[in-house]
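*Asks:* What follows is the residue order along each chain.
Number of protein chains: 2
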Amino acid sequence: MHDVRIFGGSVVSVFTGEVFAADVLVTGEVISGVVPPGTGGEAACLIDATGRLIVPGFLDAHMHVESSFLTPAAFAWLTLPRGTTTVLADPHEIVNVAGRAAMRWMIEAGRSTPQTQLWGVPSCVPALAGFEHSGAHLNTADVDELLRWDGVRALAEVMDYRAVVSGDERMHSIIATAREQGAILDGHCPGLAGEELSRYMATGIDSDHTKNTPEVVVEKARLGMTVMLQEKCLEQEVVAALTSLPRLPPVCLVTDDLAADHIAAKGHLDHIARTAVAAGLPALDVLRALTWTPAQRLRLPDRGVVAPGKRADLVLLEGPLEDFAVDSVLAGGRLVAAGGRPTYEEPHPGAHPFAGSVHVPGLPDEEYTWRVDLPDGRHRFRALRVNPVDTYTEPTEIELDVTGGEVAWEGRTALCWVRNRHGRDHTACVPVTGMELGDGAVTTTYAHDSHNLVTLGTTRHSMRAAAAAVLDDDGGVAVARDGAATARLPLAVGGVMSTAPAADVADASRLVRDELGAWGWRHRNPFMSVSTLTLAVSPSVKITDLGLVDVLARDWTAQVLDCCH
Amino acid sequence: MHDVRIFGGSVVSVFTGEVFAADVLVTGEVISGVVPPGTGGEAACLIDATGRLIVPGFLDAHMHVESSFLTPAAFAWLTLPRGTTTVLADPHEIVNVAGRAAMRWMIEAGRSTPQTQLWGVPSCVPALAGFEHSGAHLNTADVDELLRWDGVRALAEVMDYRAVVSGDERMHSIIATAREQGAILDGHCPGLAGEELSRYMATGIDSDHTKNTPEVVVEKARLGMTVMLQEKCLEQEVVAALTSLPRLPPVCLVTDDLAADHIAAKGHLDHIARTAVAAGLPALDVLRALTWTPAQRLRLPDRGVVAPGKRADLVLLEGPLEDFAVDSVLAGGRLVAAGGRPTYEEPHPGAHPFAGSVHVPGLPDEEYTWRVDLPDGRHRFRALRVNPVDTYTEPTEIELDVTGGEVAWEGRTALCWVRNRHGRDHTACVPVTGMELGDGAVTTTYAHDSHNLVTLGTTRHSMRAAAAAVLDDDGGVAVARDGAATARLPLAVGGVMSTAPAADVADASRLVRDELGAWGWRHRNPFMSVSTLTLAVSPSVKITDLGLVDVLARDWTAQVLDCCH
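Chains as they are written, first to last, in my numbering: chain A, 18 to 582; chain B, 18 to 582.
The set of hints was computed from the structure by calculation and includes no laboratory data.
Please note that the accuracy of each hint is not assured.
To be verified - Not the full set, but computed from the structure, chain A residues with beta-carbon under 7 Å of chain B:
| no. | residue |
| --- | --- |
| 1 | SER30 |
| 2 | GLU46 |
| 3 | SER49 |
| 4 | TRP166 |
| 5 | LEU262 |
| 6 | LEU301 |
| 7 | PRO325 |
Each residue gets a CB set at the ideal place from its N, CA and C atoms; glycine is no exception.
Okay, chain A solo, but in the shape it has when bound (with noise of 0.2 Å):
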């Protein structure tokens, strides 16, 4: 006797592209039964799949929850009904702010839900060590615990890629050692090619997930690293030089980062298949590429295809393939989304110890004033400039004038300023082109990766209101536009995630989305090129709470550039 029948469907078959008509016989956990309709005998509960495609679940083999602004359990909640069955998560961003006991955390909140949650270790805390101040510290030996713990599979994306590649000491003790476990090592590593890409790759680290030329890609996937494609790396040309190739590598879709209204209204793998297949994927690959290539990258044997003795980790589609369009899910036997709906209550979110996160005394007078030590005059500055459609950041710079040891910025350009926000007296900050912005700013403490508190802004009492606003939501994201905050999304969770319903989350982040592009914000992605800005390990320029960062060069670069006429 099985538990249920799954009746009227159709498989598609990721192992051979087939689609067959079968039901789909399930007995707790396990697929019981792939049989002709009809046949394999009795069962307890029928669901009824006439119309459908039978898939299974998909597997997100790189992605971060806290970038959804939820708690583990609220997001699974959000993603299961689009499909997503596992995720191997790294939790850099709260494991930044409050180290270990943040990990522990993390793993505990996703442990309730019907979804399988994995976890990586965050291989850089900070990101770039000896650049910039975060919450916490992770050594080799905190990484070779860590890894030993419950529910724990891979080094997280080692972003220092720089630092690997130039023999630095501490980052190849920590991929070691995670070596020695048996880990699964995942990259990071931007455009990294040629002789440097295999220096990277010698430490055992196998997979990246950054945005990069089609060339770079095709590099990376002939040196033998599974392709991870987020949505930014969805380009017509990037899948045309993969889909040319004499076979088709190994290739994941991941989300990296997907903000709550971003997955409420777009969807989250689901939105990538999609994605992928308006690029020129074939439908097929692109199933494979949710299913059995990131099981076998995670190495779960149990699942990543609809046959019998898996995990019923199953995907019920409408219409046809290529349209990825979720109807029903069932997590590890269980239908835990039906009609596109999750078919149990949002779960309430448990008490959390990260209250309090944001550790700065109030905003001083001089916040926003940009003082230097410079005579009276014109003067030329460093400068990032941003472009609407990926996290790059160029050098670029610009001529202000300075009078009494102040900047005279405003009316100029956008300015960004970076505030420890985890009991350190340090501040930095950075003008800003390439956006045609309006009175406003934003302030978040969603910031990669050290999650200080950052405010973008183009007047001083814009960025005030802005970030008035986020200290008042102790933590968060805010747009103040005119010098009154306009939307507000608070994040008491570390000053990461938020404890309210991922339906206010998703509103709450949306009206920020639309309140940055009403400001001039213009990006494809806002919220990542906002909270990149402090991500000095992706290029080429960025800035920390210590100064600004030439990342390739992995060194300081010089904000007043007047020596260099």
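With chain A held as given, fit chain B onto it using these hints.
*Replies:* Chain B only, in chain A's frame:
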């Protein structure tokens, strides 16, 4: 400073299918670089690969070391120059003879070689519990314990598939134990399809390496089984069925059972690769089926691709890829073969505790005189019909005269006579048809899977001569013609392996093969076709020391068919 630079060659990427000029750098056991020619730093030692293709070492996901008649170290020495750097071996031949001690001995014997030898726990010892007597018996607790031994990865081929399908408690308990431990679960289920296949797979078993029709091969792949193709499976129709699917499913090329002379003359996995190419599988897919796919199957993420950071198991090929002509081999960074020959001395086999394993107190006068409890006259008997291609045996019948309780079989049929050699006084016999044989016989103690003393012959005096030779050799294979032994392959290690030099074992096995042919036993695989007459889990009628088995019914079958008229 790297240890080795392999220069002048071109790497074949199993990921992208591209062939590209690159130097491969090796440090210790690991590939420390795959770099543009001449770059990447200094190396202590150079290997000239000019004009060579560099591919990953080959992995054999299903095989039995004993089938080579060699001990593990000698097997490695003979097969490493063929490119086989990793095997998952199922020691069920010797374990059926000598139990857990034999398993321990095999693992230890393999450890000293540069070949990675991983092990599966034999799942069916004896092959068909209750229908035969071998020298050992593994129950659930044994399997549970053996799976925890170092180097053990899998539950080896679950051959008693009829027991699994029919819900047999013992087999299900053994499989459940292995599944709980997360072991690889390997199958053996010739012809199984439909609801029964689903029931078999629902236990978690997800591979098959037996011979099947193209339709069944595709059905198994469709349902999520890894398809393992050995030589006899590599028919053009099977390959065509696979390559015409929307997507090629995961395929591993495996050797299963190859004798020493076959390996010496034709090759090991390299030979299977050429067979696959000849059958129509594109060379790039053949390469993947030798490397990346079995590495994934064996859950060895450290190999199967020429990539920085992976284990330096490397094969240098001469000529075009489709020739799979192995020139040099590195295993774990060590050059183990060059110019097609091993670079190290053949290992001296250590002592072994498996001498004197053929417990037969001489040959009684009555041996090979077939006595029955039937009245004088002509009677109809069950016979096995063999074919010259595979090991399938068809039930047939033969009329023979009985006089004074003795069957007059000489001159009318060949007879297969099984004598228990594990201390029990059991014999059984059956007529064998399908070959035109002269006066001769073959005796073997290498007889799947109980390895009893099996003699197949057309005359009593040749049968006695062959059997006497084998008993004299303390186990092995011998052919006799016209009443005298003409070929002997002594196998004193449990009656299934030899400690003689590999070349001598190859010579002796070739002589046995030739003499079998000269006698009239013209079969594509003479060793397997003789030694599987007793394999009562392989369709459709077989003989054990206890009698005749109807394999598909998993029941005894009558020897005398008179009643059925």
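*Asks:* Taking the hints in turn, state whether each one holds.
*Replies:* Now the hints, each set against the structure:
1. Proximity of A:SER30 to chain B holds as hinted, the smallest CB-CB distance being about 5 Å (cut-off 7 Å).
2. A cut of 7 Å between beta carbons decides the hint on A:GLU46: the least distance to chain B is about 12 Å, and the hint is violated.
3. The interface hint given for A:SER49 is met, as the beta carbon of that residue sits about 5 Å from the closest beta carbon of chain B, less than 7 Å.
4. The restraint placing A:TRP166 at the interface with chain B is violated, with a minimum CB-CB distance near 18 Å, outside the 7 Å limit.
5. At a threshold of 7 Å, the smallest CB-CB gap from A:LEU262 to chain B is about 4 Å, leaving the interface hint in force.
6. With a least beta-carbon distance of about 6 Å to chain B, the hint placing A:LEU301 at the interface is held under the 7 Å criterion.
7. Restraint check, A:PRO325 versus chain B: the minimum CB separation of about 4 Å is within 7 Å; hint holds.
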